[in-house]
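Chains A and U supply the protein sequences, listed in that same order.
Residue numbering for the first sequence follows the working numbering, beginning at 474 and increasing consecutively.
Residue numbering for the second sequence follows the working numbering, beginning at 474 and increasing consecutively.
Errors might be hidden in some of the hints.
Identical chains share a label here; the pair holds if one copy fits it or two copies do between them.
[As the list claims (entries may be wrong)] Taking lysine-lysine and the BS3-like style, the derived pairs with C-alpha atoms no more than 25 angstroms apart in a straight line are: (1) LYS585 <-> LYS647; (2) LYS608 <-> LYS684; (3) LYS775 <-> LYS585; (4) LYS528 <-> LYS608; (5) LYS791 <-> LYS489; (6) LYS608 <-> LYS584; (7) LYS608 <-> LYS767; (8) LYS507 <-> LYS658; (9) LYS792 <-> LYS507; (10) LYS507 <-> LYS647; (11) LYS780 <-> LYS746; (12) LYS792 <-> LYS658; (13) LYS548 <-> LYS742; (14) LYS792 <-> LYS741; (15) LYS684 <-> LYS767; (16) LYS742 <-> LYS791; (17) LYS585 <-> LYS507; (18) LYS742 <-> LYS775.
Please keep in mind that the hints were generated in silico from the structure rather than gathered at the bench.
2 protein chains.
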Amino acid sequence: MSLSTLQQNLLPLIEKALQDYINSLDFDLVNDLKEMITYHMGWHDDEADSASHGKRLRPLLLLLCTGALHDDILKALPAGISIELLHNFTLIHDDIEDRSPLRHGQPTLWKKWGIAKAINTGDALFSIAQMSMLKLRETCNERIAAESAHRLNQTSLQLTSGQHIDLSFENMEKIPVDAYLDMIKGKTAALISLSTNLSGLISGQSGIVQKHLSEFGKSLGMAFQIQDDGLGIWGDPEITGKSAVSDIQTRKKTLPILYGLEKSLEFKKMWDKENLHAEDVTQMAEALEACGAKAYAQSKTKAYTEKALSNLERLFPKKNDEAQALIELSERLLNRKF
Amino acid sequence: MSLSTLQQNLLPLIEKALQDYINSLDFDLVNDLKEMITYHMGWHDDEADSASHGKRLRPLLLLLCTGALHDDILKALPAGISIELLHNFTLIHDDIEDRSPLRHGQPTLWKKWGIAKAINTGDALFSIAQMSMLKLRETCNERIAAESAHRLNQTSLQLTSGQHIDLSFENMEKIPVDAYLDMIKGKTAALISLSTNLSGLISGQSGIVQKHLSEFGKSLGMAFQIQDDGLGIWGDPEITGKSAVSDIQTRKKTLPILYGLEKSLEFKKMWDKENLHAEDVTQMAEALEACGAKAYAQSKTKAYTEKALSNLERLFPKKNDEAQALIELSERLLNRKF
């Protein structure tokens with residue numbers, strides 16, 4: 474089975490498990506809260522598809538890794554659901570903290586219901602994510618459930634550290650590229666790393682195998698984020714499905730931009746202008762490319778992807794369908810060029 | 474030993490365990506985040522005392538109940554720390570959601586560091602609370618740790634439901650007294666109920682004993698909140714240590730006020746005025762008393778306190794020091810008249 478066949482099998486399974494879990498909870502009198510969660514998860518629209526919500530990458534990775542380790546993927550499902558819900562909780566709060574008005578082309582939760590109720594709904598989703606992780610008591614055992622919940626919260630603390638650094642960047646004149654890499658390690662790579670790591674815990678692998686699984690996820694997460702940064706400037710919105718507004722326009726301090734601010738006086742001068750017109754943005758993207766920012770981001774993506782692939786090779790010298798799909802998923806990163 | 478002797482022994486133990494746990498965590502590069510937590514917990518001031526933070530009521534109750542059940546209170550300490558941290562996480566977010574500028578006479582976290590970083594720090598504290606609960610793996614076992622973490626999150630979901638209802642009240646013309654009681658059941662009583670309940674789980678009590686422990690905490694929590702509502706209008710700030718600004722002035726929709734809006738046309742008419750002067754507030758407090766709002770709140774406090782006491786009687790027919798202290802703590806509610 475190829476990656477796309479496995480995705481076709483697993484994504485509906487994940488989506489149904491997410492919905493079933495939310496529906497199983499007792500919201501008592503507070504149906505509004507459930508409506509807000511349903512909206513954020515992208516289920517308010519009858520024709521909801523993956524365009525109205527995320528790619529469910531994290532549970533997909535967790536299930537594929539569990540399958541690649543020759544274990545029953547259903548055992549790992551509560552953990553996958555938990556991580557996806559935790560991810561969505563962070564998106565709700567990040568959107569408030571970053572004042573983002575749109576997500577997947579729809580108004581964000583706080584734009585629709587106000588900041589107060591949106592913070593509170595995020596908190597509810599955080600608790601729900603925790604409860605789903607503890608359902609590993611049923612599919613595995615008490616020890617694995619408690620340890621997985623512990624790792625979930627260790628990771629969540631890393632996420633808040635990453636987010637704190639990111640928020641501090643707003644008021645910093647000069648952000649070293651290394652500080653940025655540290656930030657995305659916490660903010661993006663940590664949760665992807667947990668997704669791959671937990672497959673090892675759940676299927677009873679040794680500490681060293683769990684460590685390689687973490688490394689695989691971390692490298693993949695870093696590659697994924699830096700590629701995203703590149704697509705935010707040079708990606709074709711028609712192909713990427715991302716916003717057509719360049720990260721240059723929105724002044725998002727991503728890796729290529731930080732590189733450009735360090736290396737290109739021309740770019741720095743334009744960045745400091747009060748208002749940016751469309752032609753400025755085009756010229757600035759060209760200046761970034763000229764100073765080597767694009768090549769730098771591409772080389773970083775390539776290096777992290779190769780690291781991820783070499784971890785896969787070490788983890789799964791004999792490849793079943795799921796291991797093959799993980800390789801395909803990692804290699805795809807290199808092909809989604811920017 | 475009396476309540477005050479036990480408090481003198483337990484409160485420093487609780488405070489040290491809280492600080493030790495925060496200090497044991499790896500905050501990596503993000504010292505700011507730790508500073509924000511330290512500030513919110515009331516430890517930024519060298520002369521910090523209970524005036525600069527809360528009363529640590531929840532861990533105190535949990536430890537007293539554990540002692541009353543003749544078990545080692547140190548076994549329950551991670552759960553007490555967890556609940557106190559969870560409580561503080563909710564305060565950080567509530568202060569943002571309610572736009573409260575002050576807590577314990579100091580600027581709230583969001584007032585000092587901005588909304589974005591304050592939301593994120595609350596999230597960090599939530600994760601830390603979860604990890605502390607899972608430390609019951611060390612003092613008890615895997616099963617108790619996982620079950621306690623599960624109950625923590627069930628309760629946290631009740632808290633968000635209560636808070637959602639409370640936020641909805643802001644835009645409601647008419648709030649029935651029953652809806653208000655439902656709201657404080659989630660927002661205040663649920664976590665106090667968890668504090669007493671977990672002592673039973675930790676010390677291996679039967680389901681029925683755990684249920685009575687929950688009921689005791691719930692009744693105490695309800696009595697506590699309604700008494701607080703009364704003190705917010707008729708309390709002497711010199712004695713209560715609460716703000717001298719009446720809840721009437723700040724338009725806080727508490728139980729006596731909702732009762733007054735239902736029963737007293739005179740009060741309702743003044744409430745609808747744009748600006749309230751000091752003499753209006755005095756007159757309104759009198760109107761509330763005249764229509765029976767004060768007596769109503771007092772009778773509710775009394776009824777819930779009696780329910781709490783009768784649960785205690787059933788739980789601890791033979792009383793050791795801790796059981797005696799729990800009775801004293803409950804009776805004190807009746808004596809802190811408003």
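Status of each hint after checking the structure:
1. When the C-alpha separation of LYS585 and LYS647 is checked against a cutoff of 25 angstroms, the pair qualifies only between copies, where the shortest distance is 24 angstroms, while the shortest distance within a copy is 35 angstroms.
2. Proximity of LYS608 and LYS684 under a CA criterion of 25 angstroms is satisfied in both settings, with 24 angstroms inside one chain copy and 23 angstroms between copies.
3. Proximity of LYS775 and LYS585 under a CA criterion of 25 angstroms is satisfied in neither setting, with 39 angstroms inside one chain copy and 42 angstroms between copies.
4. Taking the closest pair of Cα atoms, LYS528 and LYS608 come within 25 angstroms of each other only inside a single copy of the chain (23 angstroms); across copies the shortest separation is 34 angstroms, beyond that limit.
5. In the homo-oligomer, the alpha carbons of LYS791 and LYS489 never lie at most 25 angstroms apart, since the shortest distance is 31 angstroms inside one protomer and 52 angstroms across protomers.
6. Proximity of LYS608 and LYS584 under a CA criterion of 25 angstroms is satisfied in neither setting, with 33 angstroms inside one chain copy and 38 angstroms between copies.
7. In this assembly of identical chains, the alpha carbons of LYS608 and LYS767 never lie at most 25 angstroms apart, being 44 angstroms within a copy and 46 angstroms across copies at closest.
8. Within a single copy, LYS507 and LYS658 get their C-alpha atoms only as close as 32 angstroms, which misses the 25 angstroms cut-off; across copies the closest is 19 angstroms, which meets it.
9. Taking the closest pair of Cα atoms, LYS792 and LYS507 never come within 25 angstroms of each other, the shortest separation being 42 angstroms inside a single copy and 45 angstroms across copies.
10. Taking the shortest alpha-carbon separations for LYS507 and LYS647, only the inter-copy value of 23 angstroms comes in at or below 25 angstroms, while the best intra-copy value is 42 angstroms.
11. Taking the shortest Cα distances, LYS780 and LYS746 never come within 25 angstroms of each other, neither inside one copy (39 angstroms) nor across copies (68 angstroms).
12. Proximity of LYS792 and LYS658 under a CA criterion of 25 angstroms is satisfied in neither setting, with 28 angstroms inside one chain copy and 54 angstroms between copies.
13. In this assembly of identical chains, the alpha carbons of LYS548 and LYS742 never lie at most 25 angstroms apart, being 55 angstroms within a copy and 61 angstroms across copies at closest.
14. Within a single copy, LYS792 and LYS741 get their C-alpha atoms no closer than 48 angstroms, and across copies no closer than 74 angstroms, so neither meets the 25 angstroms cut-off.
15. Taking the shortest Cα distances, LYS684 and LYS767 never come within 25 angstroms of each other, neither inside one copy (31 angstroms) nor across copies (62 angstroms).
16. When the C-alpha separation of LYS742 and LYS791 is checked against a cutoff of 25 angstroms, the pair qualifies neither within a copy, at 53 angstroms, nor between copies, at 79 angstroms.
17. Proximity of LYS585 and LYS507 under a CA criterion of 25 angstroms is satisfied intra-copy only: 14 angstroms inside one chain copy versus 32 angstroms between copies.
18. Taking CA atoms no more than 25 angstroms apart as the test, LYS742 paired with LYS775 passes in neither setting, with 30 angstroms inside one copy and 70 angstroms between copies.
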